[in-house]
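Chemist: Listed below are the residues making up each chain.
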Amino acid sequence: MAKYLLLKHYRGAPAAVNDVPMDQWTPEEISAHVRYMNDFAARLEKTGEFVDSQALAPEGTFVRYDGEGRPPVTDGPFAETKDLIAGWMVIDVDSYERAVELAGELSAAPGAGGKPIHEWLELRPFYGISPSNSECSFK
Amino acid sequence: MNEVLLRSLTPSVLAILVRRGADFAAAEDAVQEALVEAVRVWPADPPRDAKGWLVTVAWRKFLDATRADTARRRREVVVDEEPVPGPAPAVDDTLQLYFLCAHPSLTPSSAVALTLRAVGGLTTRQIAQAYLVPEATMAQRISRAKRTVSGVRFDQPGDVATVLRVLYLVFNEGYSGDVDLAAEAIRLTRQLAAQVDHPEVAGLLALMLLHHARRTARTAPDGSLVPLAEQDRGRWDTRSIAEGVAILQVALARDRLGEFQAQAAIAALHADAPTAEETDWVQIVEWYDELARLTDSPVVRLNRAVAVGEADGPRAGLAALAALDDSLPRHTAVAAYLHERDGDLTAAALLYAEAAHKATDLAERDHLTRQAARLNTRLNAHRRR
Numbered sequence: 001m002a003k004y005l006l007l008k009h010y011r012g013a014p015a016a017v018n019d020v021p022m023d024q025w026t027p028e029e030i031s032a033h034v035r036y037m038n039d040f041a042a043r044l045e046k047t048g049e050f051v052d053s054q055a056l057a058p059e060g061t062f063v064r065y066d067g068e069g070r071p072p073v074t075d076g077p078f079a080e081t082k083d084l085i086a087g088w089m090v091i092d093v094d095s096y097e098r099a100v101e102l103a104g105e106l107s108a109a110p111g112a113g114g115k116p117i118h119e120w121l122e123l124r125p126f127y128g129i130s131p132s133n134s135e136c137s138f139k
Numbered sequence: 001m002n003e004v005l006l007r008s009l010t011p012s013v014l015a016i017l018v019r020r021g022a023d024f025a026a027a028e029d030a031v032q033e034a035l036v037e038a039v040r041v042w043p044a045d046p047p048r049d050a051k052g053w054l055v056t057v058a059w060r061k062f063l064d065a066t067r068a069d070t071a072r073r074r075r076e077v078v079v080d081e082e083p084v085p086g087p088a089p090a091v092d093d094t095l096q097l098y099f100l101c102a103h104p105s106l107t108p109s110s111a112v113a114l115t116l117r118a119v120g121g122l123t124t125r126q127i128a129q130a131y132l133v134p135e136a137t138m139a140q141r142i143s144r145a146k147r148t149v150s151g152v153r154f155d156q157p158g159d160v161a162t163v164l165r166v167l168y169l170v171f172n173e174g175y176s177g178d179v180d181l182a183a184e185a186i187r188l189t190r191q192l193a194a195q196v197d198h199p200e201v202a203g204l205l206a207l208m209l210l211h212h213a214r215r216t217a218r219t220a221p222d223g224s225l226v227p228l229a230e231q232d233r234g235r236w237d238t239r240s241i242a243e244g245v246a247i248l249q250v251a252l253a254r255d256r257l258g259e260f261q262a263q264a265a266i267a268a269l270h271a272d273a274p275t276a277e278e279t280d281w282v283q284i285v286e287w288y289d290e291l292a293r294l295t296d297s298p299v300v301r302l303n304r305a306v307a308v309g310e311a312d313g314p315r316a317g318l319a320a321l322a323a324l325d326d327s328l329p330r331h332t333a334v335a336a337y338l339h340e341r342d343g344d345l346t347a348a349a350l351l352y353a354e355a356a357h358k359a360t361d362l363a364e365r366d367h368l369t370r371q372a373a374r375l376n377t378r379l380n381a382h383r384r385r
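These protein sequence lines map, in sequence, to chains A and B. Following my numbering, the numbering of the first sequence begins with 1 at its first residue and continues without gaps. Following my numbering, the numbering of the second sequence begins with 1 at its first residue and continues without gaps.
Derived by calculation from the structure, the hints in this document are not laboratory data. Even for Gly, the Cβ is constructed at its ideal location relative to N, Cα and C. Fair warning: there could be bad hints in the mix.
Cβ pair distances, simulated, as ranges [claimed, not checked]:
no., chain 1, residue 1, chain 2, residue 2, range
1, B, E37, A, Y96, 16 to 26 Å
2, A, E28, B, D344, 20 to 30 Å
3, B, N172, A, A16, 29 to 39 Å
4, A, E68, B, L345, 28 to 38 Å
5, A, Y10, B, D344, 24 to 34 Å
6, B, D289, A, E68, 48 to 58 Å
7, B, R378, A, V90, 15 to 25 Å
8, A, G114, B, L228, 27 to 37 Å
All chains, please: the whole structure from these sequences, using the hints.
Modeler: In structure tokens, the structure reads:
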């Protein structure tokens, strides 16, 4: 099993195909979207592939050490051009192919008009023991 | 095994050990060991005096742990190890434990964790689950808290206000594992109210009961927020409301008003209205005035602006809002609501979207986005006509 991080971006990712801001959807479309996400997580819990999922608030700050005895330097909140991460989901799956398959499903969450958003999700593997290594060591 | 009984006995057993001179951290470990022993032994051989049994066993565990130190200590142990004759003392030291766990030297999150562990008798795993942190993280937080209060003298008088603040923090925690933190906070506050005669303790208990009574009506089956005005009042827990109101009335009659009593009075006025339209907003504004006088909190003044908007119309609410700093949390959401009631849907839709962007709570963000979407749908339909 390998863990992957699925990142949802507010901006910074390429534009979604069905790119309509959420406040322009109907309340029913928002409910359908939320239900899709919840159902997706529930399904992965059943298959044993779900690890964690959190949404992030839009405000964020860059922080940097500024030397002995000085308070850390902060920058932000983010300017429009900087990236913003809206949330993440961590999955624990058997293969890269499965991770891509699931990310594709998540990207199909319904948006305006009840049609899939086709948003770009970033898929990042966690560092860890590679599947081939762990298989050998137990034999 | 009666887990509720064990949990209710834990704090007084712990308090007795500390009163006898055991260090807080060591006493806590000893009580936990005694509880494990109880779970093992009691089903086959239930004691007649459960608390006395726990005190004896915990004290022996404590002595076992400290015995190895020196020969001198060993001699003392021989004397001390004699089991306590008869039932445990009737004097309850639990109250002191509340003050110790809410000690000002602790950070709020440590005070909360220690209170749930020492007074509430929850396991580290249960507390970690409730706060969505790994168990190892919570174990560290609790053991650091124990070390911090270990040097604190047990007979120091505590500050009731600090204890109440900690209990309110527990109550307001939205997350939950297999322990319902709101119900746990009510249980602990009830226990406190039985021991200390203070109108603000009663006020907090009333406030919790009144808020808790509305809990099932506050969220839709899909997890989305249902605002007060749209809640199905048939789903409110009337027994809890009646109890909260009765406790509040006794407290108010003593004429020592504090912020929890004032907040409870506002909650009681909401609970008392058969429909949202019948809410006594004029009286609610009066209570907000009292509350603002007691706390001078900007959040209170923000809520007061909402109440003024209901009592005297949205323009009056917007005027009250204009006097407040617009960087306050929820300021934008309140502005959006008052603009909508005033008929300015375009401004309201923009403000709702802005408020959604600023929201720090997921359910709240979704709710505000839905509000913006609802108005935009109406505005678009209007434009198309």
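Chemist: If you test the structure against every hint from before, which numbers come out violated?
Modeler: As far as the earlier hints go, 1, 4 and 7 are violated by this structure, in ascending order.
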